[in-house]
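Chemist: Protein chains in written order, with the numbering used here: chain A, 1 to 389; chain B, 1 to 389; chain C, 1 to 389; chain D, 1 to 389.
Just so you know, these hints were derived from the structure itself, not from any lab. Treat each hint with caution, since some may be false.
Unchecked claim - A few chain A residues that don't get close to chain C, going by computed Cβ distances all over 10 Å:
#1 F24
#2 E40
#3 K52
#4 D59
#5 R66
#6 L98
#7 K128
#8 T136
#9 P198
#10 I210
#11 G255
#12 S307
#13 T313
#14 S316
Claimed, not checked - Derived DSSO-like pairs (lysine-lysine); straight-line CA-CA distance at most 27 Å:
#15 K378/A to K378/B
#16 K388/D to K128/D
#17 K52/C to K378/C
#18 K251/C to K128/D
#19 K190/A to K241/A
#20 K128/D to K388/C
#21 K241/A to K388/A
#22 K388/D to K385/C
#23 K241/A to K378/B
#24 K128/A to K108/A
#25 K378/A to K108/B
#26 K378/C to K128/D
#27 K54/A to K241/A
#28 K356/B to K378/A
#29 K378/A to K388/A
#30 K356/C to K385/D
#31 K241/C to K378/C
Glycine residues also receive a C-beta, built at the ideal position from the N, C-alpha and C atoms.
Chain residues, written in single-letter form:
There are 4 protein chains.
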Amino acid sequence: MSFNQNKSNRRIKMGMVGGGPGSFIGEIHRMAARLDNQIELVCGAFSSDHQKSKQTGEDLFLDPSRVYENYQHMMEIEAQLPPEQRMDFVAIVTPNHLHYGPAVAALKGGFHVMSDKPATVSLEEALKLRDVVNETGLLYGLSHTYLGYPMVKQARAMVTAGDIGQVRKILVEYPQGWLSHFEENSGKNKQSEWRTDPARSGISGSIGDIGTHGHSLAEYISGDVMTEVCADLNIFVQGRKLDDDGSIIFKMNNGARGALTASQICAGEENGLTIKIYGESGGLEWHQQQPSTLIFKPLGAPMQFLSAGVDKTYLSAEAHSACRLPAGHPEGYLEAFANLYTGFAEAIRALNENYKSHDLIGIEEGVRGMAFVEAVVKNSQSDQKWTKI
Amino acid sequence: MSFNQNKSNRRIKMGMVGGGPGSFIGEIHRMAARLDNQIELVCGAFSSDHQKSKQTGEDLFLDPSRVYENYQHMMEIEAQLPPEQRMDFVAIVTPNHLHYGPAVAALKGGFHVMSDKPATVSLEEALKLRDVVNETGLLYGLSHTYLGYPMVKQARAMVTAGDIGQVRKILVEYPQGWLSHFEENSGKNKQSEWRTDPARSGISGSIGDIGTHGHSLAEYISGDVMTEVCADLNIFVQGRKLDDDGSIIFKMNNGARGALTASQICAGEENGLTIKIYGESGGLEWHQQQPSTLIFKPLGAPMQFLSAGVDKTYLSAEAHSACRLPAGHPEGYLEAFANLYTGFAEAIRALNENYKSHDLIGIEEGVRGMAFVEAVVKNSQSDQKWTKI
Amino acid sequence: MSFNQNKSNRRIKMGMVGGGPGSFIGEIHRMAARLDNQIELVCGAFSSDHQKSKQTGEDLFLDPSRVYENYQHMMEIEAQLPPEQRMDFVAIVTPNHLHYGPAVAALKGGFHVMSDKPATVSLEEALKLRDVVNETGLLYGLSHTYLGYPMVKQARAMVTAGDIGQVRKILVEYPQGWLSHFEENSGKNKQSEWRTDPARSGISGSIGDIGTHGHSLAEYISGDVMTEVCADLNIFVQGRKLDDDGSIIFKMNNGARGALTASQICAGEENGLTIKIYGESGGLEWHQQQPSTLIFKPLGAPMQFLSAGVDKTYLSAEAHSACRLPAGHPEGYLEAFANLYTGFAEAIRALNENYKSHDLIGIEEGVRGMAFVEAVVKNSQSDQKWTKI
Amino acid sequence: MSFNQNKSNRRIKMGMVGGGPGSFIGEIHRMAARLDNQIELVCGAFSSDHQKSKQTGEDLFLDPSRVYENYQHMMEIEAQLPPEQRMDFVAIVTPNHLHYGPAVAALKGGFHVMSDKPATVSLEEALKLRDVVNETGLLYGLSHTYLGYPMVKQARAMVTAGDIGQVRKILVEYPQGWLSHFEENSGKNKQSEWRTDPARSGISGSIGDIGTHGHSLAEYISGDVMTEVCADLNIFVQGRKLDDDGSIIFKMNNGARGALTASQICAGEENGLTIKIYGESGGLEWHQQQPSTLIFKPLGAPMQFLSAGVDKTYLSAEAHSACRLPAGHPEGYLEAFANLYTGFAEAIRALNENYKSHDLIGIEEGVRGMAFVEAVVKNSQSDQKWTKI
């Protein structure tokens with residue numbers, strides 16, 4: 001990851017909401033924030049149970065006085081600290097229904113926000129949040145991890161450069177198998193509990209959780225916008241309350257068509273996100289489980305395997321600056337995640353010091369994601385073929 | 001390929017309709033018929049142009065007196081030859097619109113039929129052909145090549161044996177790129193000419209040509225029947241008359257759901273047929289371009305790669321008997337095709353000598369395939385979500 | 001496989017020595033000879049047991065009068081048949097120690113010879129056989145199957161064209177696992193019996209059987225000659241009489257260096273022949289188990305995957321003419337083998353009709369192969385580092 | 001990465017020698033040390049040029065007073081700081097010839113040492129260093145990155161558990177292409193400068209740099225010791241002073257045999273380290289470029305692909321505790337490296353608090369590595385076949 005040379009002489013300070021004991025995503029955000037040494041965790045409200053929160057603070061070697069009882073308290077107290085001490089931004093890593101509240105509180109308290117995806121639990125919330133972001137003029141980042149991978153950036157750059165011509169077809173598959181059985185009440189898997197609970201997760205399971213990754217990848221790489229969907233959502237596991245499987249046919253604004261399957265009952269699959277995108281003169285293919293390779297299939301010429309790596313001069317500037325190591329030294333999920341965090345730190349510096357940095361994945365993508373979910377769910381309940389997003 | 005030990009002391013005799021100069025599929029049928037030494041090509045009506053037909057006969061070292069002016073003539077004359085000389089069956093390798101006529105003529109002339117797929121150019125014809133097959137009591141085989149692969153048979157056997165539990169989800173992708181540009185009138189590609197011409201190919205391009213392979217694989221492996229479809233067919237190449245792309249969501253009779261994409265404008269793709277099938281307790285995955293491997297993903301245990309090969313005692317009887325070589329000695333498309341032909345020869349012997357052989361892929365599959373195509377085309381033109389097959 | 005347009009109006013006639021019941025390689029030769037319809041099996045001496053031989057003849061629908069008691073008899077009688085009936089060439093598919101005798105008898109009887117590899121059971125025999133070939137002026141072909149693969153031909157063409165620059169390093173691995181246990185006397189595996197018996201197989205097991213494939217590939221692709229070896233041969237399975245494993249370091253005549261492992265105790269491996277060849281400006285990699293792909297690694301540019309296929313215009317003429325199907329329709333081991341047979345038939349026609357055809361893999365390669373085996377065995381028993389071939 | 005629950009309430013403090021501007025490996029060590037939040041960089045002597053060193057300190061947000069002029073100074077001053085402030089250990093990330101000096105100085109100053117590999121520039125130094133380690137009783141860790149990968153630990157555990165039976169054959173390939181041309185004096189690549197310079201790198205190039213990784217992997221996974229080598233080292237690039245290529249045949253102490261190629265002129269390769277290990281009843285295969293997969297090939301049963309991941313209950317305890325993420329979320333080189341650092345921090349805590357932790361990769365492996373390099377170089381210059389290590 002390359003950094004702007006003009007960076008100020010200090011780390012960016014992060015507070016965190018969520019990420020207490022048993023959280024899957026909290027420690028991932030922390031490792032990602034830590035990796036490039038540009039961000040320092042200084043405070044948190046890690047759990048609604050203050051004892052648990054304190055335990056997490058201790059495990060993280062934090063100053064106990066900056067482990068707060070709740071996020072409201074955190075915003076309030078931190079805002080009163082001298083600028084050189086107080087947090088610069090808040091990372092939100094709670095379940096979906098608890099994204100909106102902390103985000104609004106942080107922004108209104110004068111803190112930038114980096115939120116786990118999805119932005120909110122509903123489109124309505126997302127639209128309101130967008131207003132708050134726009135009013136405050138503060139930064140809002142959304143952790144669409146897969147958009148942090150170098151070869152996803154390379155794919156986007158190649159489409160933009162016309163390497164595959166006008167895009168015609170987009171195929172996304174996102175099979176997982178971890179919800180093949182009913183484990184919601186087993187107490188063993190905190191993830192499966194809240195992710196299948198409408199009150200905490202929202203109106204969709206598989207589409208909200210992983211379908212949105214497919215949606216954002218399709219839009220990010222193609223540079224286009226999804227406009228209509230036709231969907232079939234299903235609940236395969238008895239007793240489950242939200243869809244655990246869905247297949248979608250879609251249209252993009254430029255005439256491209258596509259298909260997207262997101263399913264969590266594909267027994268035996270791990271995290272098999274794949275995207276294939278075809279234009280008039282070639283295709284691109286990327287597999288999240290082998291993220292350092294981008295397959296390029298020019299019409300009439302041999303297929304090419306492009307590699308991530310700081311030594312790969314054929315990469316686009318955006319892809320290249322997202323690499324840390326020479327090719328053949330695999331970087332993975334945490335490094336992609338770290339690219340989002342380091343980019344966010346850079347954006348804060350750029351704002352503070354008035355220079356230009358790359359665009360963030362932010363509230364616009366968050367709104368589009370929630371609109372996608374609502375359109376898919378609505379279509380799935382309807383007899384009509386197409387629903388506009 | 002293992003053979004019944006009771007086989008009669010002669011090769012099965014084949015006549016051919018179609019397969020003259022410039023034909024892609026004709027020589028494939030002939031190589032397939034030849035490979036296992038159970039079938040002998042004895043006569044043909046290879047082209048509507050008799051000169052061309054004679055040339056093909058000569059290239060094949062055939063007796064010139066058995067190269068006929070047309071298929072009607074062939075049926076007539078061959079029927080008058082003594083039994084030990086005349087053909088046993090007719091292979092039909094013409095464009096789609098010329099399947100029905102020769103098939104009916106052959107059956108009525110007393111000859112078994114092995115037809116290139118699809119069975120006919122329309123569902124109506126397919127239903128009429130089924131009546132003729134049933135009336136004559138003769139054998140009718142359909143060359144669904146991919147069903148001849150050992151590991152496709154293995155997948156079917158494993159589903160039947162319950163190795164993945166009740167089937168829930170089926171994902172089929174069949175991307176090709178060879179119709180990315182308009183070459184219909186270039187004179188260079190006889191294939192692209194007739195396959196995109198409704199008069200010769202039928203009401204659908206991509207779905208009729210390759211979507212039907214996906215449909216038959218899904219039904220064959222799962223042992224279930226596709227009952228409803230929701231489809232989006234497209235013509236991406238200007239001037240083309242038939243769909244060159246389609247994505248379909250579907251329902252199976254047992255509650256399983258699926259998605260199928262068949263597209264011939266996926267620039268850079270070769271013949272990328274892939275099927276993934278997931279049950280309650282595991283998944284299976286097969287890639288036509290690496291056909292000797294079947295990936296088995298049992299829930300909670302390591303993924304397995306099963307190999308085709310006569311030395312693989314873990315294979316099902318059907319898969320095992322479809323292999324000729326030890327594992328690691330790749331067999332491919334022609335061997336799968338040969339399995340269909342050798343199986344057909346075996347079925348003829350079984351009928352003649354009154355023993356039992358494996359079931360053929362035949363007219364029932366042909367009818368279901370045409371019903372699938374018609375339902376897909378109808379749904380694609382409609383605003384309604386689901387169309388019954 | 002493309003054929004010369006001037007071909008005579010008949011198939012080339014083949015007799016066979018060996019290939020009776022229980023033979024692995026005999027039926028492979030027959031399928032290979034059959035596939036392209038250029039060769040017709042007309043006679044044979046399939047087994048030393050005449051009853052078995054007759055059974056094989058019957059299974060092959062041969063005229064019983066042309067199933068001979070032994071190969072001497074076959075040469076004698078066939079030579080007396082009128083030219084339009086008698087065999088053109090003899091295929092030899094016996095164990096190694098029975099290659100030389102039939103080959104000499106055939107050549108002296110006026111018949112061309114296509115022999116299973118290795119040419120003979122010793123270098124001494126190979127040299128004598130070369131003399132006979134040269135004296136008679138007849139054709140001698142050696143079935144180095146892997147040299148029949150299109151993408152091996154493509155690799156050779158690319159090295160010749162300078163696509164990787166001057167060759168520096170060659171890495172060959174040929175792991176198999178089928179001799180991991182002692183099954184020589186089990187009666188179950190006729191292969192393991194004779195292949196581990198010095199009287200029938202020669203002075204080496206693993207190197208003679210599969211190491212020679214690695215040797216011939218390295219020489220064929222690089223266009224260079226192996227000149228010195230340093231070897232470590234081992235017998236891992238108790239009771240075995242010949243090496244079942246070997247690793248070799250070698251030098252080529254142009255300064256390139258390499259390493260070759262051929263082992264039959266690599267438990268769990270099938271037929272994992274792989275070659276990697278590196279020049280000053282790029283590398284090539286080919287895996288026999290995925291034979292339709294050649295990986296090209298140009299220095300400083302993305303890795304390329306070249307595909308076999310009649311539609312691949314970027315292939316060299318030799319590679320292209322070795323394909324039968326469009327890319328994505330896998331061809332395999334039998335097709336590669338058929339390329340050798342069809343090429344041999346073509347060479348016979350070229351000789352008869354006095355035109356030029358491609359060079360055969362023949363007795364020179366046979367001699368070099370036996371010299372390689374003897375040098376490796378000699379070196380392995382020595383304390384000296386290098387032994388000249 | 002799981003941690004001991006009894007960890008003390010502070011991070012372990014690290015000082016660093018080397019890793020100034022232009023260093024490749026320095027920032028890798030720092031990212032690895034940072035990832036799991038168990039280690040804090042507090043001081044350094046990053047460059048022999050103090051200005052450069054200060055710049056690095058500033059980039060790392062270090063207290064300028066703890067950026068030292070040289071390592072001697074650092075040891076001296078740090079030793080005088082109060083225990084709660086001073087560094088606990090020294091990370092050494094200089095070129096090879098500067099490993100020994102700082103390591104001895106650190107140990108004699110009372111600091112544990114984590115050193116980049118190889119341990120020293122010669123066997124003689126390594127033996128002396130071992131004495132110092134043993135005398136001081138302090139911890140010494142060696143950054144053999146590849147031993148930090150979960151699936152390498154899994155391979156070791158499976159061999160130990162007897163899953164492949166007695167080991168017979170080990171095949172290691174380590175092809176790189178980055179030294180295909182002479183860039184030593186180009187000024188562009190600091191790496192290629194010192195790594196090909198005997199004064200800084202030692203008596204071997206390719207073997208010292210990457211062959212040692214192959215050696216340590218072979219010993220670590222098999223649990224055995226390499227005892228004899230036969231080697232062919234080469235310099236392919238004109239003007240280069242150290243071997244850029246080598247192939248080795250070797251013997252292990254239990255009777256297993258193997259081959260190892262380490263080459264830096266394999267044009268087009270990235271970092272293609274691969275190990276295959278075969279026992280009496282199965283094989284294992286691991287590719288560094290796809291590190292989260294371990295291929296297991298049990299004799300007579302389907303090949304298995306084991307995946308790294310915290311959700312994979314079939315993994316050994318050692319492999320499992322080396323994972324941070326669920327399967328399908330790729331971890332890579334930095335995570336493997338972080339496992340070494342976090343394990344080292346844990347070892348320091350274990351020593352301080354008197355509990356038991358896992359064994360470190362340390363000075364014994366360092367000595368064996370240098371003995372391997374010296375034996376290989378000696379053998380390569382000799383006419384004798386085998387040299388004892």
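Chemist: If a hint holds in the structure, say so; if it doesn't, say that too.
Modeler: Verification of the supplied hints:
1. F24: Its Cβ never comes within 10 Å of chain C, the nearest being 35 Å, so this holds.
2. E40: Since the minimum Cβ distance to chain C is about 39 Å, E40/A lies beyond 10 Å and the statement holds.
3. K52: 48 Å, holds
4. D59: Nearest chain C Cβ is 43 Å from D59/A, so the label holds.
5. R66: Nearest chain C Cβ is 48 Å from R66/A, so the label holds.
6. L98: 44 Å, holds
7. K128: 46 Å, holds
8. T136: Holds: least Cβ distance 44 Å, greater than 10 Å.
9. P198: Check passes; 45 Å lies beyond 10 Å.
10. I210: Holds: least Cβ distance 29 Å, greater than 10 Å.
11. G255: Per Cβ check, G255/A is outside 10 Å of chain C; nearest 27 Å; holds.
12. S307: 7 Å, violated
13. T313: 7 Å, violated
14. S316: 13 Å, holds
15. K378/A to K378/B: Holds: K378/A and K378/B sit about 24 Å apart, inside 27 Å.
16. K388/D to K128/D: 21 Å, holds
17. K52/C to K378/C: Answer violated: K52/C to K378/C is near 39 Å, above 27 Å.
18. K251/C to K128/D: 38 Å, violated
19. K190/A to K241/A: Status holds; Cα separation ~16 Å.
20. K128/D to K388/C: Outside the cut-off at roughly 42 Å; violated.
21. K241/A to K388/A: Answer holds: K241/A to K388/A is near 25 Å, not above 27 Å.
22. K388/D to K385/C: 14 Å, holds
23. K241/A to K378/B: Not satisfied, since the Cα-Cα distance of roughly 34 Å exceeds 27 Å.
24. K128/A to K108/A: Satisfied, since the Cα-Cα distance of roughly 13 Å is no more than 27 Å.
25. K378/A to K108/B: Distance ~54 Å between K378/A and K108/B Cα, so the pair is violated.
26. K378/C to K128/D: With Cα atoms ~42 Å apart, K378/C and K128/D exceed 27 Å; violated.
27. K54/A to K241/A: Since the Cα atoms of K54/A and K241/A sit roughly 33 Å apart, the hinted pair is violated (cutoff 27 Å).
28. K356/B to K378/A: Violated: K356/B and K378/A sit about 53 Å apart, past 27 Å.
29. K378/A to K388/A: Between K378/A and K388/A the Cα gap is close to 10 Å, so the pair holds against 27 Å.
30. K356/C to K385/D: 47 Å, violated
31. K241/C to K378/C: Distance ~16 Å between K241/C and K378/C Cα, so the pair holds.
Of the numbered hints listed earlier, those contradicted by the structure are 12, 13, 17, 18, 20, 23, 25, 26, 27, 28 and 30.
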